[in-house]
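Put chains B and C on the given structure of chain A with help from the hints.
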Amino acid sequence: MIPFDFTYIRPQSSEEAVTAYRQAKEAGNAALYLSGGTEIVTMARDRKLTFDVLIDLKRLPECRGIDRDQGEIRFGSAVSLNDAQKYGNVPLLSMAAGAVADHSVRNSITVGGNIAGRLPYREAVLPFLLFDGTVEIAGPDGNRNVGVMEIFDKRLKLSAGEFLVALRVPESASESTGYYRRRQKDSRVDYPIMTLCMARHEDGIRAATSGVFGFPVRSRRAEKALSASGTPAERSRNAVEAFDGKVQSNMRGAADYRRALLLQAMEDGLRQLEG
Amino acid sequence: MNDATQSDTHAIGKSFARRDGPDKVHGRTRYTDDTSVRGMLYAVLLTSTHAHAKIVSIDTAEAEKVPGVRGVFTGKDFPFRVGLYLGDKPPLARDTVRYFGEPVAAVVAYSERAAAAACGKIKVSYEELPVVNSPREALARDAPIIHPEMDSYVHIPAILPEPGSNVGNRTKMRKGDPGRAFEEADVTVVGEYEFPPADHVAMEPRIAIAEIQADGQIVIRSSTQSPFGVRSIMSNCLDIPTGKITVIAPVVGGGFGGKAGIQLEPLAYLLSRELGGLPVRLANSREQDMVSSPGAPGLQSRVKFGAKKDGTVIAADIEYLFDSGGYADYAVNVSRAAGYSCTGPYNIPNLKADSLSVYTNHPFGTAYRGFGHIEMAYSIERTMELLAEKLGMDAVALRMKNLIQAGDTTPTQDVLDTNTGDIKECLRRVSKLMEWEDGAKVQVSDSVVRAKGISCYWKAPAIPTFTDAAAIVTFNEDGSLNLTTGAVEIGQGIYTGLSQLVAERLGMDMDMIHVVEEVATNRGPHDWTTAASRTLFMAGRAALAAVDDAVAQIKRVAAAPLRCPEEDLAVYGGRVFIADDPEQGLPLSQLVLGYVYPDGNAVGGPVIGRGKYIARHLSNLDPDTGKGRPGLEWTLGAEGVEVEVDLRDGTYRVLRAVCAMDVGKVINPALARGQVVGAMAMGIGYTTREAFSFDSRGRVENGKLRDFKIMRYGEHPQYTVDFVETPQGDGPYLARGLGEQGIVGMPGALSAAFSRAVGVQLNRMPVTPEYLWSAASAASAGKNSVQGGQAT
Amino acid sequence: MKEYDGLVRIELTLNGEKRTAHVSPADTLLRALRENLGMTGTKLGCENGDCGACTLLVDGKPVKSCYTLAVDVDDKTITTIEGLVNTDVQQAFIEEYGFQCGYCTPGVILNAYALLEETFEPNPEETRTWMESNLCRCTGYEGIEKSVKRAAELKKRAER
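Protein chains in written order, with the numbering used here: chain A, 1 to 275; chain B, 1 to 792; chain C, 1 to 160.
It should be emphasised that the hints constitute simulated quantities derived from the structure, not laboratory data.
Keep in mind that a hint or two might mislead.
[As the list claims (entries may be wrong)] Which chain A residues stay away from chain B? Per the calculated CB distances, all over 10 Å, these:
(1) D52
(2) G88
(3) K185
(4) S187
(5) H201
(6) S227
(7) R271
[Said to hold, decoys possible] Here are the simulated BS3-like cross-link-like pairs (lysine-lysine), alpha carbons at most 27 Å apart as the crow flies:
(8) B:K65 with A:K48
(9) A:K25 with B:K121
(10) A:K86 with C:K76
(11) B:K441 with B:K401
(12) B:K121 with A:K48
(13) C:K2 with A:K25
Heads up, the beta-carbon is just placed ideally off N, CA and C, and yes, glycines get one too.
Chain A extracted, bound-state conformation (with noise of 0.2 Å):
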């Protein structure tokens, strides 16, 4: 149970929240935006978490639902992983969604919570990075676009206020089959320890990964040494020197296994998406 009590606030508009967090900060009150609240409510039970307030954003008309606008693919934020997966069109995007923790818990566990949470993996931000997508966001000093690549490392670098309201990927992203693996220490009911998500693009191939560095990162380095001569088995492992980043080791694997794990990925990805 959560050992401690709080102010829970549910805006109508994006305004609202924004006020909401604004006034709970100016009198002196932690607060925090909650979408599928999963990790919120697990990390306050044993305090890796404390707050004063908890405005919740998943009602929020803007944060929700799954729309095709002007040549892109919105996703609100409030989408939840299960809907996300079962949305067919962006391939990438269903099975990196569909591989967080369970199915039950992909009900609640939103998009947005997903990306910009507490938790370093993130999964479902690697198609929106592979595919060049935006974010909108909305804060304090009014709503912005960003395009991903620009606002993430490692995580969203949202600034104090400010809370992710939609993701965006081009139409194009459709059309890409893409390839994608997972691996776990064991269960795959479990955070990865490797997660690879590539894609052909008419400027080369793509990769992105999560659980190998400790967070997601799409290397452009990385993907010239995948787009350019020589094996498959060569490629990639040019590919993953060139990620910057150290490969974990911890209990859930040792960085030699990881890495192992990235290179065969990367070399049967290529194999794959080259046919």
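Relative to the frame of chain A, chains B and C by itself:
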């Protein structure tokens, strides 16, 4: 006494639906936390963040000020030590914490939130002490002594702690002349094995609600397998008359040994006592249930076999070092059980074995399904595989050569009687079901292999020599019957099993038999503990005895109105009647509460059937040789698994799991199968993923279900279960215990299959994909080296 | 804009009825059901979203009530195990021995019920995806697998 020779039975051998089904599928079953006692206070524990440390100070001032808090307590308040066999554990840590997660303080408040909030305000200051991370480290010279006051601990005579060391108990088995036999052996193999402590993960966390009435009567409701055990341990350790303690065990959401013995009850009682006897609820969070309350012990072991060229094992030299963690609890008996079963189900005439329970700074271990036999079986089966490899002999053939039979002696020099199961038949069946003759390894593709592994196992209940059970039968106006025993329903379906036994004896319909679904030590007869796979055996024998006693009373009352000798009467199908003239009889409903003559005279009174059973011929073990008879009955069997492994990344699937076990008469085939399948599943998890992981300071890193994984739906194999029915002459309708045994052979069979798959003998658990990948990579690197590899 | 602070009165649509509860925003739905509404069929197994013993249905979807705030569902329809009486799923779990200790059972049954409401005759992979959300320590999942299959058969028969 037992009429199971007739093939056409009324209730035995039939898969009746479980009696507790309707309540369980409707969520109506009340587990301990589903009944609240009005006015109960809530206790929340604060636990240690260190594996080994002195408690320098505990500042509770801020915690006490939290609104709603009735009291904050630490080890200073409770200068007692509690233990089943060795009194070594204070209910809250005093001066020293000995494992990560050890409870150091308890807050009692009007609400759970207030208690939890107050816990967050307690400030503990520790001085870290060097951490002992394994049994071998604990036994090394100059190892920190975890229990320096061991010589002052009270213990039962059968347990032999060694003050000045970290040894909580040492069990020795000495049989024959192993020194000479090793000299005569044609081959020897030695293997060293290890695995860390783990957890039961029963779905219902532990909970106890204690209150003290104004007259001093203590009433405890607890999710326990041992209501009578709780009572007697508390009586001994806290110096309270036994009759002043009542323990109530409602239906339990899984135990697996973790709820046997003594758990949260003493602390719940002490907290209630501090608060004038008000009811106090003490419930574990899942994390506390896994780490603060005891789990499965770990093991480091070494087994050496000496054998003849033809595979006959003639000598064994065995060392089992159990990681009992910070406290002894049941582990001192687990190590003892591993000692007396130490060879596995093999006839090894010359034997030297030492089985130790060793203190470390890990979370402590208790009874866990298999109770020493699972740890022993893993070590022995791995060594059999090493021997098979060295001799170039088939794994099944090697075991056939050595399997124990009636007339052979066990490690304790006890002769196996005619009630011994036919383990060779079990192995034959497993071999056939696994298509062993078709080959144990096949390459499916470039990197994927399928491999099989088999093992043999045995287990007897590890019980005190005076283990008992009892039963009371009373009747209702409609002639239906109430059965009260001390058996707790922990998932095994005991109430259904007992009903079937009673129904069989009386020829009654199951719905005329009402089993009391709660054990209250002041309302029902004594029973040792619901554990050790002996409950249907012993409570079953007691229930049948109670029925026979009731029948004798019914006949005595019926003889007069039916005007015949008692011995001419039979009781069956709800009637008492003249056996050779069945028309002449009376319905039981007219007799069981007394018989009333037409003129109004009444005779008889309520029939109360009393039955009891005590284990036969069990004896203490000689402290030097281990000679004695510890086992009520041995259940033997064989298991096999088939796995498919991708050697490239170590990912695998367990395709099938097969078990053939000699269980005597199967009372309810569906329930028996369910027990074995559940046990096999637990064994698969135990082998592949259930293991605590520790950081460099002995702190548990995976003490949550998010990080400590058990098997999930979809990961389960195809299960095959086959029962051999060699009669257990003293069992109820010739049945033998089977609740645990399905787990015992799994680590050996699975490790053998995995080892075969990767071509390397894997002597550690858990066997994870990373471990398989690492072994497979090393094996293929070895193959490519100048020396070449050694394939299995 | 709604603001819940301190002890608040919420109205839940629970098993087809309107029920009132007084809760703190920090109370999970699991706790509110068990402690404020006396509905003990939903079980506490881990309070961390891992075991599924607390599973119930929110607007027909399986949700773990241990990480759901009670104040967050006052505009939703909730079904707990108490809301299912003699359904095909429950009948199947009895016939096929889908339980032993019974502690995981309410969560398993609600999840299976929701699966079968959504998918006619789910294939093994679909069943796995849904049912792996619930841990069971007793049955090794064989009884559960058989029960879900049987429940699908019973439903099919009933719907003819």
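How the hints compare with the structure:
Interface exclusion of D52 (chain A) from chain B stands, the closest Cβ pair being 14 Å apart, more than 10 Å. Even its closest Cβ contact with chain B, about 23 Å, leaves G88 (chain A) beyond 10 Å, as expected for a residue assigned away from the interface. Distance check on K185 (chain A): its Cβ comes as close as 6 Å (rounded) to a Cβ of chain B, failing to clear the 10 Å threshold; non-interface status is violated. Under the 10 Å C-beta cut-off, the non-interface status given to S187 (chain A) relative to chain B is violated; the minimum distance is some 5 Å.
No Cβ of chain B comes within 10 Å of the Cβ of H201 (chain A); the nearest lies about 27 Å off, and the non-interface call holds. The claim that S227 (chain A) lies off the interface holds: its Cβ sits roughly 25 Å from the closest Cβ of chain B, which is beyond the 10 Å cut-off. Residue placement check: R271 (chain A) keeps its beta carbon more than 10 Å from all beta carbons of chain B (closest about 13 Å). A distance of roughly 23 Å separates the Cα atoms of K65 (chain B) and K48 (chain A); the hinted pair therefore holds under the 27 Å criterion.
Between K25 (chain A) and K121 (chain B) the CA atoms are separated by roughly 25 Å; this keeps the pair inside 27 Å, and the hint holds. The suggested pairing of K86 (chain A) with K76 (chain C) holds, with an alpha-carbon distance near 22 Å, which does not exceed 27 Å. Our distance criterion of 27 Å between C-alpha atoms is met by K441 (chain B) and K401 (chain B), whose separation comes to about 22 Å. The straight-line distance between the Cα atoms of K121 (chain B) and K48 (chain A) is roughly 15 Å, inside the 27 Å bound, and the hint therefore holds.
For the proposed pair K2 (chain C) and K25 (chain A), the alpha carbon gap of about 18 Å is at most 27 Å, so the pair holds.
In summary, the numbered hints that this structure violates are 3, 4.
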